[in-house]
Amino acid sequence: MKKTWFKWAALGAPALVIAGCATYPDPATTRRVAEKMVNESFTAPAPALLKRLAQDKSQQICSKIGGAQLTQEEAAEVTRLARASIKYPPSGKLVGDWKRGDKLAHDGAGDRIQRGRLEKRKENGGLCQNCHALAPGEINVGNVGPSLTGYGLQRGTSDAIAKLTYERIYNAWAYSPCSNMPRLGATGHLTPEQIIHMVAYLIDPQSPINSR
Amino acid sequence: MRNLRGGLAASAFLFLAVSVPAQTTDPLAVGRQMLAEDNPGELWIEKGKTLFYEKRGPRGVSLEQCDFGRGPGKLEGASTQLPRYFPDTDKVQDLESRLVSCMVQLQGFKREDVIRRAISPGGSSGSDMEALALYITSRSNGMKINVSLNHQKEREMYKAGEYLFFRRSGQTDFACVQCHGDANKRIRLQDLIHMTTKQGVQEVVSTWPAYRGAHYVVRTMQWRLYDCFWQMRLPELAYASDVSIALTTYLQYQGNGAVTRVPGFKR
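So the sequences go chain by chain: A and B. Going by my numbering, the residue at position 138 of the first sequence is 138; the numbering climbs one at a time, nothing skipped. Going by my numbering, the residue at position 16 of the second sequence is 1016; the numbering climbs one at a time, nothing skipped.
These are calculated hints, taken from the structure and not from any lab test. A few of these clues could be false.
[Said to hold, decoys possible] Below, in silico cross-link-like pairs of lysine-lysine (DSS-like), each with a Cα-Cα straight-line distance of 30 Å or less:
(1) B:Lys1185 / B:Lys1144
(2) A:Lys64 / B:Lys1198
(3) B:Lys1091 / A:Lys51
(4) A:Lys51 / A:Lys36
(5) B:Lys1185 / A:Lys57
(6) B:Lys1153 / A:Lys36
(7) B:Lys1185 / A:Lys103
(8) A:Lys36 / B:Lys1091
(9) A:Lys93 / A:Lys103
(10) A:Lys163 / A:Lys57
(11) B:Lys1185 / A:Lys64
(12) B:Lys1153 / A:Lys57
(13) B:Lys1091 / A:Lys64
(14) A:Lys36 / B:Lys1110
(15) B:Lys1266 / A:Lys120
(16) B:Lys1153 / A:Lys64
(17) B:Lys1153 / A:Lys51
(18) A:Lys120 / A:Lys57
(19) A:Lys36 / B:Lys1198
(20) B:Lys1198 / B:Lys1266
(21) A:Lys57 / A:Lys36
(22) B:Lys1091 / B:Lys1049
(23) A:Lys87 / A:Lys122
(24) A:Lys99 / B:Lys1185
On a predicted model such as this, the values are computed, not experimentally measured, just so you know.
Just chain A, with the same shape it has in the complex (with noise of 0.2 Å):
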């Protein structure tokens, strides 16, 4: 019986197509199948890293086909979950010790999954110099998101802008919505511990980053 039906189908599908009956899924429809591909296509070592793969309501808006325009709602949706996600860190001090701030924005590695294993690191690397130039001089940097050098020269040092740094590491799409920025407090890839240290970083004078 079953058999039967594939060979007409092998048969019907070109039929099938000269008649004009393939049609492409509607959107609710490639979101199904797509989904079910994605429950279905990874691996993890363990079980509670699939959840990587699910997606929060800010990363649901952010994924719009051929990166249409947000609506206003939108936008102000996705700016206000980003603004309640910002957690500070207990001491309430935002600025850290620029020279691990340093470390960590060299640094990109931490917790990706290879051949049934996770990566094992003290700490994750903050991923910066992948996407932002840095200290004047540094060739080996990217260009995904604008340069920082020279960050704390142009803004200053008053609370107000360690408060706006810190929130835009910890929390990008507060200030701008689906912007290619990770949230990387939020999303828990860094600790409030870390991003202070890369706040100081980026506006203390002596650090590297504000060189002249």
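With chain A's structure known, arrange chain B on it following the hints.
Just chain B now, with coordinates in the frame of chain A:
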């Protein structure tokens, strides 16, 4: 390490230049041949050809009965039309998942074994799959990619691939488009191909499988996608999974019209 490899390859050259046939799987001999060619990936073509026509597997048959869409054993132009729907498996398959089907169904290999070995360790002599995928694709060299979306399942696969290209997830909030959606972008010093333009995506689909200089082996599209998901900090993309086939279908179709020229040569 590099020097050691070079030294081994050079001495292999002295000793083996005459006695070792081109299709050998001996890594030293491969190293020897690497010295002789512009794109070392060329060497995998011969290896793949030998593997294709050799009687192999528990059933002891060659892959000549494998149908890549143009009839059993017909390889000219076959890769230009992949991925496509195959009635016998009732699935849309790319070249590599089709090869898995044939190695399992015709030759009697175990699926888990084929998949476990499909991506070789860097610096090795490469996997059978890598050589076969390159050989078969090379039989379309000079021909235009021409993927058609006639079957309903092909259309679903294509649309799923498009959806996945823009689907953000994980702790880095990445989808493919975050790194491949703009011109002239780099992650550190690595150029990111702009795949939402025709020219960029054509550059991609015409050059895989490719020789990967950093690994000393030929790599396939399945490997490339696996590696991007790794950078994205997502779980491991299963070899020949539907996500891999959907993304490949999306990219190949977008790249229609590009002229196949493999092996590509990558960083």
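Each hint, compared with the structure:
1. Only pairs whose Cα atoms come within 30 Å are accepted, and Lys1185 of chain B paired with Lys1144 of chain B is accepted, the gap being roughly 28 Å.
2. Using a Cα cut-off of 30 Å, the hinted pair Lys64 of chain A and Lys1198 of chain B holds, with the two alpha carbons roughly 20 Å apart.
3. Under the criterion of a C-alpha separation no larger than 30 Å, the hint pairing Lys1091 of chain B with Lys51 of chain A is consistent with the structure, at around 27 Å.
4. Pair hint Lys51 of chain A plus Lys36 of chain A holds up; C-alpha atoms about 14 Å apart against a cutoff of 30 Å.
5. Between Lys1185 of chain B and Lys57 of chain A, the direct Cα distance comes to roughly 28 Å. Compliance with the 30 Å bound is thereby established for this hinted pair.
6. For a cut-off of 30 Å, the pair hint linking Lys1153 of chain B to Lys36 of chain A stands: about 14 Å separates their Cα positions.
7. Between Lys1185 of chain B and Lys103 of chain A the CA atoms are separated by roughly 24 Å; this keeps the pair inside 30 Å, and the hint holds.
8. Restraint check for Lys36 of chain A and Lys1091 of chain B: the C-alpha separation of about 15 Å stays at or below 30 Å, so the hint holds.
9. Note on Lys93 of chain A and Lys103 of chain A: the hinted pairing holds, with a Cα-Cα distance of about 20 Å set against a maximum of 30 Å.
10. At most 30 Å may separate the alpha-carbon atoms for a hinted pair to count; Lys163 of chain A and Lys57 of chain A meet this at roughly 25 Å.
11. For the hint linking Lys1185 of chain B to Lys64 of chain A, the alpha-carbon distance of about 21 Å falls within 30 Å, and the restraint holds.
12. For the given pair, Lys1153 of chain B sits about 29 Å from Lys57 of chain A by alpha-carbon distance, which is consistent with the 30 Å threshold.
13. As the CA atoms of Lys1091 of chain B and Lys64 of chain A are separated by approximately 27 Å, the hinted pair is consistent with the 30 Å bound.
14. For the hint linking Lys36 of chain A to Lys1110 of chain B, the alpha-carbon distance of about 25 Å falls within 30 Å, and the restraint holds.
15. A hinted pair counts as satisfied when its Cα atoms are at most 30 Å apart, and Lys1266 of chain B with Lys120 of chain A qualifies at roughly 29 Å.
16. Distance check on the hinted pair: Lys1153 of chain B and Lys64 of chain A sit about 23 Å apart at the alpha-carbon level, within 30 Å; holds.
17. Only pairs whose Cα atoms come within 30 Å are accepted, and Lys1153 of chain B paired with Lys51 of chain A is accepted, the gap being roughly 28 Å.
18. Annotation: proposed proximity of Lys120 of chain A to Lys57 of chain A holds, straight-line Cα distance about 29 Å (limit 30 Å).
19. Restraint check for Lys36 of chain A and Lys1198 of chain B: satisfied, since their Cα atoms lie roughly 29 Å apart, inside the 30 Å limit.
20. Note on Lys1198 of chain B and Lys1266 of chain B: the hinted pairing holds, with a Cα-Cα distance of about 20 Å set against a maximum of 30 Å.
21. For the hint linking Lys57 of chain A to Lys36 of chain A, the alpha-carbon distance of about 18 Å falls within 30 Å, and the restraint holds.
22. The suggested pairing of Lys1091 of chain B with Lys1049 of chain B holds, with an alpha-carbon distance near 26 Å, which does not exceed 30 Å.
23. Only pairs whose Cα atoms come within 30 Å are accepted, and Lys87 of chain A paired with Lys122 of chain A is accepted, the gap being roughly 22 Å.
24. With a C-alpha separation of about 28 Å, the suggested pair Lys99 of chain A and Lys1185 of chain B falls inside the 30 Å cut-off, and the hint holds.
Checked against the numbered hints listed earlier, the structure breaks none of them; every hint is satisfied.
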